[in-house]
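Using the sequences and the accompanying hints, generate a full structural model.
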Amino acid sequence: MLVALGAIFIPLFSPYGYAKQNLDALLQEPSWSHLLGTDELGRDVFTRLFYGARTSLAVGLFAQFVVIAIGLPIGAISAYAGGRTDNMIMRFVDVMFAFPDILLIILIRAILGGSIYMIFLAIGLVAWVNVARLVRGQILSLKQRDFVTAARAMGAPGRHIVLRHLLPNSLGPIIVLVTFGIPRAIFAEAALSYIGIGIPPPTPSWGTMIRDGYDLIFAAPHLVLFPAIAIGILMLAFTFLGDGLRDALDPRLRR
Amino acid sequence: MGDKTLIEIKNLKMYFPITSGLFLQKSIAAVKAIDDVSFSIRKGETLGLVGESGCGKTTVGKCILQLYRPTHGEVLFEGNNLCQLSNKQLRPLRQKLQVIFQDPYESLNPRFTAADIIGEPLKIHGIVRGREYRKRIEEVLDIVGLAPYMVNRYPHEFSGGQRQRLGIARALALQPSFIVCDEPISALDVSIQAQIINLLDDLQREFDITYLFISHDLSVVRHISNRVAVMYLGKLVEVADRDELYKAPLHPYTQALLSAVPIPDPAVEAQRSVIVLKGEVPSPINPPSGCVFHPRCYKAFEPCPTVVPQLEDIGDGHYVACHLYPTPQYEV
Amino acid sequence: MSTLLQVRNLSTYFYTQDGVVKAVQDVSYEVAKGETIALVGESGCGKTVSALSILRLIPEPPGKIVAGQVMFDGTDLLKLSKGEMQQIRGAKISMIFQEPMTSLNPVLTIGRQLTETLEFHQGMKRKDALNEAIRLSKLVGIPHAEHRVKDYPHHFSGGMRQRVMMAMAISCQPQLIIADEPTTAVDVTIQAQLLEMIRDITNTLGTSVILITHNLGIVARYAQRVYVMYAGRIVEQGPAQAIYHDPRHPYTIGLLASVPRLDEPRKVRLAPIEGQPPDLIFPPVGCSFCPRCSQANSSCQENGHELVEVAPGHFTACGVACKELRHGR
Chain A
1 MLVALGAIFI PLFSPYGYAK QNLDALLQEP SWSHLLGTDE LGRDVFTRLF
51 YGARTSLAVG LFAQFVVIAI GLPIGAISAY AGGRTDNMIM RFVDVMFAFP
101 DILLIILIRA ILGGSIYMIF LAIGLVAWVN VARLVRGQIL SLKQRDFVTA
151 ARAMGAPGRH IVLRHLLPNS LGPIIVLVTF GIPRAIFAEA ALSYIGIGIP
201 PPTPSWGTMI RDGYDLIFAA PHLVLFPAIA IGILMLAFTF LGDGLRDALD
251 PRLRR
Chain B
1001 MGDKTLIEIK NLKMYFPITS GLFLQKSIAA VKAIDDVSFS IRKGETLGLV
1051 GESGCGKTTV GKCILQLYRP THGEVLFEGN NLCQLSNKQL RPLRQKLQVI
1101 FQDPYESLNP RFTAADIIGE PLKIHGIVRG REYRKRIEEV LDIVGLAPYM
1151 VNRYPHEFSG GQRQRLGIAR ALALQPSFIV CDEPISALDV SIQAQIINLL
1201 DDLQREFDIT YLFISHDLSV VRHISNRVAV MYLGKLVEVA DRDELYKAPL
1251 HPYTQALLSA VPIPDPAVEA QRSVIVLKGE VPSPINPPSG CVFHPRCYKA
1301 FEPCPTVVPQ LEDIGDGHYV ACHLYPTPQY EV
Chain C
2001 MSTLLQVRNL STYFYTQDGV VKAVQDVSYE VAKGETIALV GESGCGKTVS
2051 ALSILRLIPE PPGKIVAGQV MFDGTDLLKL SKGEMQQIRG AKISMIFQEP
2101 MTSLNPVLTI GRQLTETLEF HQGMKRKDAL NEAIRLSKLV GIPHAEHRVK
2151 DYPHHFSGGM RQRVMMAMAI SCQPQLIIAD EPTTAVDVTI QAQLLEMIRD
2201 ITNTLGTSVI LITHNLGIVA RYAQRVYVMY AGRIVEQGPA QAIYHDPRHP
2251 YTIGLLASVP RLDEPRKVRL APIEGQPPDL IFPPVGCSFC PRCSQANSSC
2301 QENGHELVEV APGHFTACGV ACKELRHGR
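Order-wise, the sequence lines are chains A, B and C.
No gaps in the numbering here: position 153 of the first sequence is 153 in our numbering, and each next residue is one more.
No gaps in the numbering here: position 309 of the second sequence is 1309 in our numbering, and each next residue is one more.
No gaps in the numbering here: position 49 of the third sequence is 2049 in our numbering, and each next residue is one more.
Read the hints as simulated data drawn from the structure, not as lab findings.
Source: prediction; values computed, not measured.
Even for Gly, the Cβ is constructed at its ideal location relative to N, Cα and C.
A couple of the hints might just be wrong.
[Claimed, not checked] Taking beta-carbon pairs under 7 Å as the criterion, some of the chain B residues facing chain A (in silico):
no.	residue
1	Leu1065
2	Leu1067
3	Arg1091
4	Arg1094
5	Val1099
6	Phe1101
7	Asp1103
8	Glu1106
9	Ser1107
10	Leu1108
11	Asn1109
12	Arg1111
13	Pro1121
14	Ile1124
In structure tokens form, the structure reads like this:
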């Protein structure tokens, strides 16, 4: 867990300005003055990596907020209400699921423009479906359990049952899904930047860095390598975070 | 123990529809879980409801508490028909009607402490606050035989028997007058079962609680009930005072049921012969015509496959739904 | 009556994160040819684990049979190789489990599951095996056997599935059948059907049975000799009559007293055994029943678990009971 926390907070520090260009020092190999080298415009890779981290993380986190904000209530309401409501909502979810993600994102971009907030929203809007499904599945199975029936028998209102019984007990898999979703969102952002509809320059994000560096991959592999490694490490970090969180929240493991 | 009727069930039917269809779910058949059941329970008494799986006894319990809304029929509690009340109207009444479940592992929220579990009904109904709240929780814990220091423990830290006590504590928190005990000891070890039975007995005496005791364990039911009702495939086949039923069971199903229960005594067992019913319990979706028991009944005769027997009063509060009683109607 | 199976000083432990669970400690019992014995006890007493140890079905890790011998027809089963053991399982000794839902393979028809055993152990050809499968199904009371062998387990009710298990168990004419709580998951009337069927078949074929259960009634009806287990050990053993009419261990006495009986006048209050079953990782020193025992005296903490004969064939591990105790019935 410590590794995870560390990985998240380190990217917040950095000495260099990210956009500063040092035209004298183009395409340098990693050296002591520029720890990870420079890119084709002379910018320090190390700095860009860390600023990029901020961006990428922001994308990841906020996208997931959108995902939870939409997916959780829809899934929960659908499952709790049951019957025709559930049916209708799930058909809608299925339709959304079938929709090709990229097309939807392009559509949203066309409507909302290219700001970074658009990216959060766009990624979030295509990913909430999985959370909704998962939440619904969890709640449907929990609904049957005796302790929920007990709550109904004592006259608990629906709101209470969902908030205090159903949701807390379904958190486990949801946390895992959401924490995995963060690196996946980052990945998605990287892909978007790669095809050019992601974060606009000069703001660095790991995705844009890979994009920009790809053209020079044989001459200067460090431009692609470091962001890629960074993404990998982040994904690992979040995996541990997810596991750790899930275990921490399980009362059975408390001694 | 007064003579006042606390609960009365009239012509209760609970059919669960089986649907199919993609958008509009059409009902193509129904599981007849309860098919026209009527009985009453007096204040302070324990009515044992026995039968095997699929007979509908658990559903009866849930229908009384309106956890399922009956398809048809009335559930009268202190004279009020619960079926006609909305959920909101029911809420205050729920304080008086409680339930204890079978599975001590499933019936408690694993994320709640013991205090949360017992306190939840208190919070929902806004009964007590602050220090009174804690006091009440500890009181109830004490009543069920758990120590007050266990208040902050989680269910997984208790044993099966202790969890069942927690479940009972939860039911008691609101000082109910009626509790549906749905197989409360089946999931417990034999040596713990007796503890819980004694507890339930004591509680009844001390707080004048009325029980509907649902179980498939005939020996236990005999111990704790005042009257016993036997169900088969959604119908009541026999109701009688406890001693009467066990001494002189009239319905062939009751007789088979009792003979199937082995008695812990080899000498006695060597003398007994077991009535072995042929076949399996039919599906409640398509129950047999006439008397639902007739395909397996070793005493079936002429009218059984066609005419549905009604629950008849044989005298002394003994009711049977069988063509053999009061006198077999032979058609020559 | 010659002895078919003899378990001697069996100990099986489970090595877990929380400690070593001593599921079975120094347990010995035997079954004669054609006899039905019962292992009685509550959950966690070790009866199932001891039976699984006989067939070496204990997952290793975390389990391990740490001591003892299982003598079957002159051979120690614990010393056999995996291949040799496979020859025994299903053919010489077979087992019926508690949960009919999970003991049958859901993707194979029951006919196939039956023929599998026959082909493996008896080398039958498919066609012969199928005929035999049908015959066995009829024997255990499955109606319309010729058609039903083509059905899958989920087409059968719980009681029927147990019959299928029984058919599988007897298919190779085993000498011993271990029935582990065969009727716990079914209703009383089905239980009666199944147990009567098991008795009829085993009497006809002369098969020995180890009946594992917590139901004292079933034991009284079907077993000739009884072994009472508590906390991984045998606390009392003897002929059924003796155990029920003259129990000599406080646990046995407690159990019998706490179960309401249909044939006796109703007691006003049941006499439960106070307390909780013991922790098998840290079992009590001395007699493991001591903390819950109403007859305990100072020597109980030190005395071991020696089984002492108090009457012909009747042994108890209770130091107090050997000398003075009589139940009050």
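Outcome of the hint check:
About 5 Å separates the beta-carbon of Leu1065/B from the nearest beta-carbon of chain A, less than 7 Å, and the hint is met. At a threshold of 7 Å, the smallest CB-CB gap from Leu1067/B to chain A is about 6 Å, leaving the interface hint in force. A distance limit of 7 Å between C-beta atoms decides the matter here; for Arg1091/B the minimum to chain A is near 4 Å, and the interface restraint holds. For Arg1094/B, the suggested interface contact is upheld, since its CB lies about 4 Å from the closest CB of chain A, less than 7 Å.
Interface restraint check: Val1099/B against chain A, minimum CB-CB distance 5 Å, threshold 7 Å, status holds. For the restraint placing Phe1101/B at the interface with chain A, the shortest Cβ-Cβ distance is roughly 5 Å, inside the 7 Å limit, so the hint holds. Taken as an interface hint, Asp1103/B checks out: its beta carbon lies about 6 Å from the nearest beta carbon of chain A, inside 7 Å. A distance limit of 7 Å between C-beta atoms decides the matter here; for Glu1106/B the minimum to chain A is near 4 Å, and the interface restraint holds.
The interface hint given for Ser1107/B is met, as the beta carbon of that residue sits about 4 Å from the closest beta carbon of chain A, less than 7 Å. Checking Leu1108/B against chain A by beta carbon gives a least distance of about 6 Å; that is within 7 Å, so the hint holds. Satisfaction of the interface hint for Asn1109/B is found here, the shortest Cβ-Cβ separation to chain A being roughly 4 Å, below the 7 Å cut-off. The beta carbon of Arg1111/B is positioned within 7 Å of a beta carbon in chain A (closest approach about 5 Å), and the interface hint is therefore held.
Given hint, Pro1121/B at the interface with chain A, holds; its Cβ is 4 Å from that chain's nearest Cβ, closer than 7 Å. The closest approach between the C-beta of Ile1124/B and any C-beta of chain A is roughly 5 Å, which is under the 7 Å cut-off, so the hint is satisfied.
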